[in-house]
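Enquirer: Chains as they are written, first to last, in the working numbering: chain A, 1 to 110; chain B, 1 to 861.
Bear in mind the hints are in silico, worked out from the structure with no lab data behind them.
Warning: the hint list may mix true and false statements.
[What the hints assert, rightly or not] PhoX-like cross-link-like pairs, simulated, lysine-lysine; straight-line CA separation at most 20 angstroms:
hint, chain 1, residue 1, chain 2, residue 2
1, B, 185, B, 82
2, B, 189, B, 238
3, A, 28, B, 40
4, B, 41, A, 28
5, B, 41, B, 158
6, B, 215, B, 263
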Amino acid sequence: MKETKLGEFEEVLLLLVGILGDDAYAFKIAEEFESQTGRAVSIGSVHSTLSRLGDKGFLKSEMGEPSATRGGRRKRVYEITAYGERTLRASRDFKMDLWSQFPGLAFRLT
Amino acid sequence: MKNHQPPKLANQFLEWILKADLVEEVLGDLEEKFDTQINKKSPLKAKTNYWYQVLNYLRPFAIRNNLITDLNPFFMWTHNLKLAFRNSIRDKSTFFINLIGLSTGLACTILIALWVMDEWQVDKFHEKESQLYTAMIHHGQSDGINTNDYTQGGLLDKALLADFPEVAAATQESEAIPMPFILTKEAQKVKGFGKFVRPNFFDLFSFELKAGDRKTLFQDRQSIAISEELALKLFDTKNAVGKTVEWEILTLKEKVTVTGVFKRPGANSTNQFDLLLPFQIYENLINVQWGNYNSKTYVQLHENVDVAALNARLKPYMKEKPGNEKEALFLKPYADSYLYGEYENGELAGGRIEYVRLFSMIAFFILLIACINFMNLSTAKATRKLKEVGVRKTIGADRKSLIEQYLGESIFITLLALISSLILVQLFLPQFNVLTGKTLTFPTSLPILSGLLGVSIITGILAGSYPALYLSSFSPAKVLKGSTNSSTGELWIRKILVVFQFALSVILIVAVLVVYKQIDFIQTKNLGYDKENVLTFPSEGMAANNLETFLNEIKKMPGIINASSTGYSFTEGGSWTTGLSWEGKDPEANIRFSNLGVYYDFIETLGVEMLEGRTFSKAFGTEENNLIMNETAIKVMGLTDPVGKVIDMWGGKATIIGVVKDFHFQSLHEAVSPMFFKFNPEFLLTVMARIEKGKEKEVIQNLEAFYKTNNPGYALNYTFLDTEFAVQYEAEARVSALAQYFAGLAIIISCLGLFGLVTFSAQRRQKEIGVRKVLGASTLSLVRLLSAEFTKMVLVAIFIALPISYYIAQYWLEGFAFKIALEPWFFIVAGLGALSIAWLTVGIQTMKAANLNPTQTLKAE
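Build out the structure end to end from the sequences listed, making use of the hints.
Expert: Structure representation (structure tokens):
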């Protein structure tokens with residue numbers, strides 16, 4: 001079996017980081033997750049996953065500018081690495097490949 | 001909209017658990033979350049959500065690495081506690097020695113602390129205490145500066161208020177009147193001590209007024225304020241305002257209305273009175289002029305006044321007033337007078353504060369001795385714990401956790417000691433109150449109890465620190481291999497501590513001996529008069545109105561040898577004057593003469609010896625202008641052949657008719673000063689009667705019967721002169737008694753420690769003793785062998801302590817004008833005492849060890 005290296009939650013978060021661009025930090029990502037999926041999530045669990053993705057090399061992050069709304073604190077902004085993007089695409093391609101073999105549905109997709 | 005903030009506690013918690021580099025971003029994210037929540041939902045919901053978010057950060061990636069190990073001690077403490085408990089059960093004798101030592105040490109400290117706190121509280125209860133000052137005067141005299149609080153009645157308070165803008169209010173009260181007032185309501189007579197005060201007395205002082213208006217208390221001279229007790233006695237009710245009563249003292253009498261009822265000043269006040277009368281009466285009695293010092297003046301300053309600057313301006317102030325060329329005025333914080341009351345030549349020379357310091361030191365030393373026991377025993381027993389330490393260290397305990405364990409053990413014991421010391425305090429507080437003459441109560445307030453807890457934890461840390469540091473320093477490899485030779489350094493420290501303990505004990509023994517001998521010396525010293533078998537009672541009723549008949553009547557009674565009367569209580573001293581001049585007097589000299597107003601037969605009654613001339617006698621007609629002086633007075637005046645000399649006194653002439661041998665009319669703290677007797681039938685307060693030894697009861701019964709028929713309404717209030725005399729040295733007597741107890745305790749605690757050490761060393765050397773016995777050593781030689789080490793230590797302690805105690809004793813005795821010489825036997829007794837107590841302790845234990853059957857000690861291996 002091909003190893004995807006990505007869990008479902010991780011994959012969604014990676015995608016969200018890509019979507020949010022410069023605004024990709026833990027709080028925003030959690031908010032976006034909730035609005036897109038309708039599922040509640042704690043910032044802590046998002047943060048934890050983001051840091052794991054960082055450890056795996058899918059994400060890189062740096063501290064942004066301080067902002068008044070956060071009590072003058074800086075935020076950590078995440079960005080997808082090339083490796084992360086490749087893995088995302090690989091994951092999608094792999095799934096597409098699988099879908100194409102799915103009986104009765106393959107034709108509809110093509 | 002109200003500005004809501006995330007819960008602080010949650011943030012603190014987060015900061016505690018989070019890795020340092022995550023804190024900023026996480027707090028920022030959570031705050032943004034909180035802000036969006038607060039806009040949508042209620043603050044409560046937002047806060048709950050915040051907590052939810054915070055708790056969701058309890059994830060491995062976010063929590064700092066050392067958090068888990070930091071939490072460990074919580075679990076370790078229960079383990080340590082269990083160990084401490086097991087250790088104390090296993091080694092009961094050490095445990096009890098430590099417990100008894102520490103708890104008696106703590107109990108002493110608590111008792112002394114209670115006493116010290118009580119001393120500090122005296123006179124501090126007045127609301128305006130921080131602004132209240134007493135006016136004091138330095139009187140420049142030929143023999144030095146005399147400092148006291150007697151000021152010009154009727155003048156100084158008004159003058160200060162008028163001339164110094166810093167003064168917000170000023171008041172005066174009469175000097176303490178040494179005899180009680182008599183209050184009469186119909187046939188009922190009640191006695192009470194009183195003084196005359198200005199109407200604003202209650203404005204400055206916070207004595208509690210229970211009934212009456214403090215603004216109108218002393219509006220006219222027909223008013224009086226009385227204590228609740230007096231009100232109850234006189235009127236059967238505390239609300240006595242508006243009732244009438246008659247007061248009398250000496251020949252003064254007045255019918256007055258009660259305008260106020262106050263709560264009697266408690267033990268925390270130095271100012272004591274049962275009744276207060278308007279000052280204007282007193283002003284009419286005294287000579288209101290700047291040369292007379294007869295009242296106490298108190299001022300209330302405005303807030304934030306620079307008192308030092310004010311005092312600098314007050315210093316020359318008196319010199320402008322007539323008759324005050326050598327007087328300097330100053331203000332002293334009102335409450336300071338109690339602890340810092342003594343002046344020597346114009347300089348503050350301590351006072352009761354010295355006793356406060358002395359006993360604080362004693363408390364500290366006793367606690368220290370108990371701590372030393374703990375240290376010594378635990379380091380001595382360290383050999384037993386070596387294996388434990390070795391195993392612990394091998395398994396992975398670090399030094400810190402070992403230190404924690406041993407400190408925990410000592411804190412555990414001190415906390416137990418604290419509990420038993422509180423029980424001891426509860427048990428001994430009544431006796432302690434009797435000894436100190438206080439009414440201390442068991443501490444129940446939270447700050448005091450938490451303070452005690454703090455002290456005992458500090459004691460625990462102090463006592464446990466050395467063993468903890470010492471035990472934890474062993475290298476596990478060496479310990480487990482069995483090389484358990486204790487280092488010489490450790491032995492040295494133990495020896496030094498024992499020496500220190502015994503040195504303190506010896507010093508305390510010497511102190512007790514010296515204090516005891518000095519008190520004994522004072523009380524049996526030949527005073528120049530015979531204080532035994534002299535009955536004194538106030539001159540009142542018939543004695544005040546018709547003294548001559550009264551004295552003649554009582555002289556007829558069986559058992560009464562002689563009787564007379566005097567103006568002052570003999571032991572409290574009397575008034576003094578500088579208004580004497582004579583031929584050849586140095587015009588610059590300012591010599592203070594004490595004077596005692598007396599009646600016929602006074603010198604005979606008291607048994608004062610005449611050197612020259614005669615005493616006052618009816619046979620010589622009027623005696624009012626005649627004086628009898630003491631030896632010192634004649635010497636100071638430089639008179640030869642004094643009898644018959646005429647001198648100037650108070651604007652008139654007076655003749656010296658006799659000279660008495662010096663006698664101690666003042667406290668033995670002071671040298672005999674110049675004094676004279678003046679015949680003064682007008683102002684006599686006390687009757688003195690010399691009675692036959694053994695007939696006291698009979699005489700008193702007769703006098704009481706005599707009072708009933710001839711002095712109706714008055715009760716006989718008698719004291720014996722020697723009891724009054726003893727009261728003067730009450731402070732010393734109390735110190736002496738307390739010092740004896742505390743010295744005893746210190747020695748007992750030291751010996752307990754020594755006992756523990758000897759027990760231990762005998763146990764360790766059991767095999768050695770066994771072998772020696774088998775080889776033929778006698779019990780005596782074994783005892784000598786075992787006690788030699790301790791004897792050496794005690795001898796060194798004695799050697800160190802004796803010079804120190806000599807110095808301390810010398811210092812204390814300097815406060816007395818008449819004192820014992822420090823005889824060598826004090827020190828010999830103290831040294832031998834300490835040595836023999838130590839020998840006794842060591843001897844019992846070593847005898848036991850030496851008498852053991854060697855088969856028992858040698859068979860087990």
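Enquirer: Can you confirm whether the C-alpha distance between residue 215/B and residue 263/B stays at or below 20 angstroms?
Expert: Satisfied, since the Cα-Cα distance of roughly 17 angstroms is no more than 20 angstroms.
Enquirer: Would the pair residue 28/A and residue 40/B pass a check requiring their Cα atoms to be no farther apart than 20 angstroms?
Expert: holds (17 angstroms)
Enquirer: Is the hinted pair residue 189/B and residue 238/B satisfied, with a Cα-Cα distance of at most 20 angstroms?
Expert: Judged against 20 angstroms, a Cα distance of about 17 angstroms means the pair holds.
Enquirer: If you draw a straight line from the CA of residue 41/B to the CA of residue 28/A, is it 20 angstroms or shorter?
Expert: holds (19 angstroms)
Enquirer: Would the hint linking residue 185/B and residue 82/B be met if the CA-CA limit is 20 angstroms?
Expert: violated (72 angstroms)
Enquirer: Hint check: residue 41/B vs residue 158/B, CA-CA at most 20 angstroms. Holds or violated?
Expert: violated (71 angstroms)
The structure fails to meet hints 1 and 5 from the earlier list, while all remaining hints are met.
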